[in-house]
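4 protein chains.
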Amino acid sequence: MHSPTIQKIIALFSKFPTVGPRTAARFVFYLMKLSPEETEEILKSISELKKNVKTCSFCYNPFESKEENDLCSICSNPIRNKGLLCVIANETDLETIEKIKKYNGRYFILGGTVSALRKSDMEKLRIKELEERIKNHPEIQEIILAINPTSDGETTTLYLERLLKPLNKKITRLGRGLPVGAELEYADEETLRNALEGRK
Amino acid sequence: MHSPTIQKIIALFSKFPTVGPRTAARFVFYLMKLSPEETEEILKSISELKKNVKTCSFCYNPFESKEENDLCSICSNPIRNKGLLCVIANETDLETIEKIKKYNGRYFILGGTVSALRKSDMEKLRIKELEERIKNHPEIQEIILAINPTSDGETTTLYLERLLKPLNKKITRLGRGLPVGAELEYADEETLRNALEGRK
Amino acid sequence: MHSPTIQKIIALFSKFPTVGPRTAARFVFYLMKLSPEETEEILKSISELKKNVKTCSFCYNPFESKEENDLCSICSNPIRNKGLLCVIANETDLETIEKIKKYNGRYFILGGTVSALRKSDMEKLRIKELEERIKNHPEIQEIILAINPTSDGETTTLYLERLLKPLNKKITRLGRGLPVGAELEYADEETLRNALEGRK
Amino acid sequence: MHSPTIQKIIALFSKFPTVGPRTAARFVFYLMKLSPEETEEILKSISELKKNVKTCSFCYNPFESKEENDLCSICSNPIRNKGLLCVIANETDLETIEKIKKYNGRYFILGGTVSALRKSDMEKLRIKELEERIKNHPEIQEIILAINPTSDGETTTLYLERLLKPLNKKITRLGRGLPVGAELEYADEETLRNALEGRK
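In order, the protein sequences belong to chains Y, L, B and X.
Following numbering that gives the first Met the number 0 from start to finish, the first sequence increments by one per residue and tops out at 199.
Following numbering that gives the first Met the number 0 from start to finish, the second sequence increments by one per residue and tops out at 199.
Following numbering that gives the first Met the number 0 from start to finish, the third sequence increments by one per residue and tops out at 199.
Following numbering that gives the first Met the number 0 from start to finish, the fourth sequence increments by one per residue and tops out at 199.
Quick caveat, the hints were computed from the structure, so don't treat them as lab data.
It cannot be assumed that every hint is accurate.
Heads up, the list lumps identical chains together, so a pair's fine if it works in one copy or across two of them.
[As the list claims (entries may be wrong)] With a straight-line cut-off of 25 Å between C-alpha atoms, the simulated DSS-like cross-links for lysine-lysine are:
#, residue 1, residue 2
1, 81, 134
2, 50, 32
3, 164, 127
4, 49, 14
5, 98, 14
6, 127, 199
7, 32, 43
8, 32, 101
9, 53, 7
Okay, chain Y solo, but in the shape it has when bound:
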């Protein structure tokens, strides 16, 4: 029903995270109403993002720096504890953990999770890079696998635990149990079992 130009941009926007064709169409109508200056600002911002923002050579977090710098502000911060490495699936998880202000080690962004141990899926993750980091950085003492306890996340965590075991570092997972506000009656059995075993 839409014209080819609109159809094409709807297809492109539909690849954005959380965006479906209906929302993509709304983006198009929004863009249609913008002035040429406003549109230009968006185009320029996207270009600048790709030009100015680098990816940290240690943790893969996007960052911006005018200096010749390979490391993001977290990885280059001398106060952060270099003995801790928190492995996370995505960039948003880094923000989430930083916000609680309880972690002062470094991160490593894996780039996602896998639902099964298919080689093609595994290769999309930065697994080799993670192994390298740990081997090249003997100062790392504990690796925290801070991956979502979802089905995919558990598969990924289990794989990483086995893979990293021979490196002889302390490997931990985030604690499992009852979240704030939970009611025993509605908790799933696995969570309740974790809560009972992890009592303290």
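Following the hints, complete the assembly by docking chains L, B and X onto the known chain Y.
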């Protein structure tokens, strides 16, 4: 916490419909991962959208045409009933109504709804243009106010009804009543009253 | 896991409308905590309900009367319009419609809806009684089929329409269309079609 | 609108857990339709519940026994670990924990939680009885406070921790952390902090 370039583009994306800062950040991380070619494709598509897609001079629907054409495919379709004008709030409503294949008149996209009859809000809508269309097109016999029966939509519909009354055309609203799948017990009183009065 | 007495009462409570085994168990724990006097009050109330409350001989609405009376307060009210008969599925629908204070005719409680025209299912409804009422009450001019526009409700309504047609009375349904607060974009196609056709 | 008998029983049913006036009315309509035999069965079952079912003299769990027995099947089970005491708010929590088959100690049903440390509220809970149990049963080595980590539950847990501290027993809470299926991004900060601190 984000760098200035990222912050700026998050601010721009946050103005997109349905997008908040969290989703905007995900868009940024998505863009960061794209190849230069993929990014270029998005930039080019946005530019082409603004260049190729015109707004229909009758109904304000976006459309694309290689010819020198002012009217969208609906407004220029000789088979459509020129006696019917369906006034809708947004472009998406046009698609929604076209999809049910029951309406064969023309549309007029008002550009939104208002929550109160403040002059500043009213001026954002194409109210003058609507009046002009009706005055300049004596072939229009019925004006269907197909605006959401939400609080804002009702305010807007009521205002349009009063405004258009002197033009001596048939003015209708979409039928109110019980939607498919509704249960009397959970219907609000106003809807039930409409359903009882509109029985047939 | 529960003892036989508890299991039995859980089974009985689980047949109550909206109650599942988990809620039934909570009822049991609630009853366990009551004083003998409180328990006695519940038992007495249930007994009295069955003793004092009669079912209206016209509409099947439960009612209570110290006099020798066969009709509920609605059916015996001389001001109510005897020309209107509103056919509803359940007792709760009667309350729902009374609450909007727009209907002043009589009711007929069908006793449910059916999902298919199986004879065994149909016999659970008061279909013969409905036919009889209409035949024996020539003052009835309009029969309003106020059945939920759900799948089961539609099947039942359609069946009643065909069945009652030979009686040569005006037969109506509750109006279909957009409910208060609806948004076109999220309305189902059938509802939108009804709203467009029922515009006024 | 309802008759006095119906109104009274609606009021009584409305005190049942999870039941509001609308559901209570449905219960009444359900009862109205039952045969005298079915109604009698419900009345008899409630009477028998109050007659046959006792409350365990140790844990307050309802149980049924033909013998002269003061203890429920859990408390009188010689295989259960007498060193563990799991303090729970309600009877349903006992079932919930039994279902995961990981706990083999005894229980104590507190009878609820409190939202504030008001004396009048505290007296509704079996707090004195809990203290007595622990003092009179030196075999108890660990007291697990398995109370919901809701606002009320936390207030109650905190109060019990302080109260029981002088008794010099090991006092634990259920483990806090991420539940199965959780996503870091949507976890509340407190839960994430618990998950990070409780990593293992």
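Which numbered conditions among the earlier hints are violated in the structure presented, ordered from lowest to highest? Hint 8 is the one this structure does not satisfy, whereas the remaining hints hold.
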